[in-house]
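Asks: Use these hints to put chain B with the ligands onto chain A, whose structure you have.
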Amino acid sequence: MADATLQGKLIEFKGGSLAVMTAHLRDTEAMRLADALHMMLGGMPDFFAGEAAVLDFSQLATFPDRVDWTAIVSLLRRYQVQPIAVRNLPEHLHEGARRANLAILGNEGMSAERPVAAPPPARVEAAAAAPAPEPVPALSAPTLIVERPVRSGQQVYSKGGDLILLAGMSPGSEVIADGCIHCYGPLRGRALAGARGDLTARIFSTNFGPELVSIAGVYRTFERGLPPAIAGHWAQVRLVSSDSQNTLEITPLGSD
Amino acid sequence: MARVIVVTSGKGGVGKTTTSASFSTGLALRGFKTAVIDFDVGLRNLDLIMGCERRVVYDLVNVINGEANLNQALIKDKHCENLFVLPASQTRDKDALSEEGVEKVLKELEHMGFDYIVCDSPAGIERGAVMALTFADEAIVVSNPEVSSVRDSDRILGILQSKSRRAVEGREAVKEHLLITRYAPKRVEEGEMLSYKDVHELLRVPLLGVIPESDDVLQASNQGSPAIHLKDSDVATAYQDVVARFLDEDRPLRFVNYEKPGLLKRIFGGK
Ligand SMILES: Nc1ncnc2c1ncn2[C@@H]1O[C@H](COP(=O)(O)OP(=O)(O)OP(=O)(O)O)[C@@H](O)[C@H]1O
Ligand SMILES: [Mg+2]
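Quick mapping for you: the protein sequence lines, in order, are chains A and B.
Letter 170 of the first sequence, counting from 1, is numbered 170 in my numbering, and no numbers are missing.
Position in the second sequence (from 1) plus 1000 gives the number in my numbering.
For the record, the hints were derived by calculation from the structure and aren't laboratory data.
By construction, the Cβ of each residue, glycine as well, lies at the ideal position given by its N, Cα and C atoms.
Don't take every hint at face value.
[Said to hold, decoys possible] On the chain A side, residues computed to face chain B include the following (Cβ under 8 Å): (1) R148; (2) P149; (3) R151; (4) S152; (5) G153; (6) A167; (7) S170; (8) P171; (9) G172; (10) T206.
Here chain B stands alone, though its shape is the one from the complex:
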């Protein structure tokens, strides 16, 4: 059985696409056949983060409309054997995504033997976001450590538990995971950001991980390579931990405490 995982947030720009790219890559690196689907019709950028934008010929909407089959539209990732990207269309209207159409695509992916299907949700709580979460078995709710982001995550959690198929059909609820991204322990220490404990307490959802704020993310996206591939990067390590925890491995939280720079660091500088 394929597991469908939606990466969602409510608020925009919190790191959903960054997370979808690294999380799906992490699953594929662990040997699972994984597809990552961009639901952000009109604003596609998952293909940019994955570095496959120049190979996009067909997209999700083409498949739904029967203008291409899935094999034609799926783009094989350049780094991972097991990873495939299904891009969003850039121009078409948002109503092109029908519930039946999306369901058909997900069923077909399941028949093709995919283990995991990761859905990168658009921002907001409207149609596009609802479509991305409708068929989810699990949800990674991405939140930044600030009040408005937490509030929007709370709303999307409510929608998840009322509008998803699992909710509508009264089946076992969608499994929720909280992922806090763009976390800056120094700013938390200084009281400028909510702590991960605050966010966790406000949302009351099991914590899957904390991704530190880092310029590495921008660097990775400029290279068109998911951040999880970066060498010697806290962000990459944090995303690897996230994948491990998702697969039920024990990993203590890292990068959540602010360490004052030591004397040597202060004298010689450096990262």
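Chain A with its partners taken away, still in its complex shape:
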């Protein structure tokens, strides 16, 4: 039975810190956020698997008079993100957030975070806080190796590290990595590297032919087909910056 000292003490409150993911919202308009989330995650409803999140507004340029919290909360829940609190929100919006059952947190703890890449408009940046204060980037990021083909309708996410696909990916599938994506075999479907803003992430493939590629949020689709020099061949995708503009560069790779 329970420890005698605990008898009669059905609830106990203790201080402590909890590692939760932070979602930086750079827009408060639910429709635009929905669009951005869809862009980022495709039809990946269980991407976050019920993780709790603090909504952070420090990167929002201007604040509206009111925010449709119900819409934002329901949108995030669609992706299995459970918003629990808001942070860096001006006073006049507190009441609404509180009514949506979101706790109002102080504005501390912002400085420790790594600045992220300039995102495309209305992009939601989800940065998970590490359980222990860990230097970023980690010394050795975990690599996810997938031995079987990634099939249409399937999604794979390599959190914090590289993703290696040993049997390629099919049209209609989606792979995401916080690091690089290496694909041995056909790269079809959607491939998103540097998902948390790593500008140096790259995508490599021995048989290039994706529906979409993205690095740190800079993406490109191929509705009108691929240049013959790379279609079906070895290729790599990376970001090059010129005039503070990041653009995707797709080039043939190695001997074919």
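Replies: Chain B with the ligands only, in chain A's frame:
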């Protein structure tokens, strides 16, 4: 140990039931005690293809609900000693198939000494199809040589490797086989159909066989006798090859190349 084999496709009308009937018959003809189960609740037609529709009294759902035991519900095939058909019910709602219920039936079949249990899956990627593949050890993915069918096969392969018991429990993956049916070499030659090589390359699954498009299939189904029994039929031969390859025998592919009709044929006609 009984091996559970699901015949599945995603897309409808590609030849799953035709394949389930001939494949299970082929295994039984090789001496294996085989059961073939129709999972297409509401749309039963395996019993028609097997020619046992007039002997259906009980079905899979009756067994799951405890209204009949397996011995009462299994219908002995009219041609093969070792083959038994477990029909689907025609009227009941699709939710009648519970995972526990299906598992219980499969376990019981195993206890009855069955070597192979072939599950004829309904079309689609929803509940019914998932139920049919949940307990599979192996899967025959049936695909026609056209893009939409290949795409659906790809999806069902993904589901197989994420929702099957083997996947969920992290055991050895379900063994995949690709079967291309309704293959017309002439239309491939003319660029109207994907070639079997294209399909194989797109799906990256070991090829179990190619079944030619043939009117013989319709004839067999009208007779209520699986196509594998047909005499002098390419379809029957192709299905026999499929069974042989499944049992690890070497059989080169046949009926995949288009042969232009020779002069005599052109003059005298004929098949
Ligand atoms: N090799 C073939 N040549 C010609 N016709 C065929 C062949 N295989 C199947 N068919 C025909 O295609 C139709 C569909 O076949 P079948 O019922 O086996 O498909 P299915 O995948 O089980 O369909 P469903 O998804 O509705 O269950 C039938 O009319 C059948 O006669
Ligand atoms: Mg059928």
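Asks: Hints first: check each against the structure and report whether it holds.
Replies: Going down the list of hints, with the structure as the test:
1. R148: holds, 6 Å
2. P149: holds, 5 Å
3. R151: Because about 3 Å separates A/R151 from the closest Cβ in chain B, which is inside the 8 Å limit, the hint holds.
4. S152: Since chain B brings a Cβ to about 4 Å from A/S152, closer than 8 Å, the hint holds.
5. G153: holds, 5 Å
6. A167: holds, 6 Å
7. S170: holds, 5 Å
8. P171: holds, 7 Å
9. G172: holds, 7 Å
10. T206: Given a least distance of 13 Å, the restraint on A/T206 is violated.
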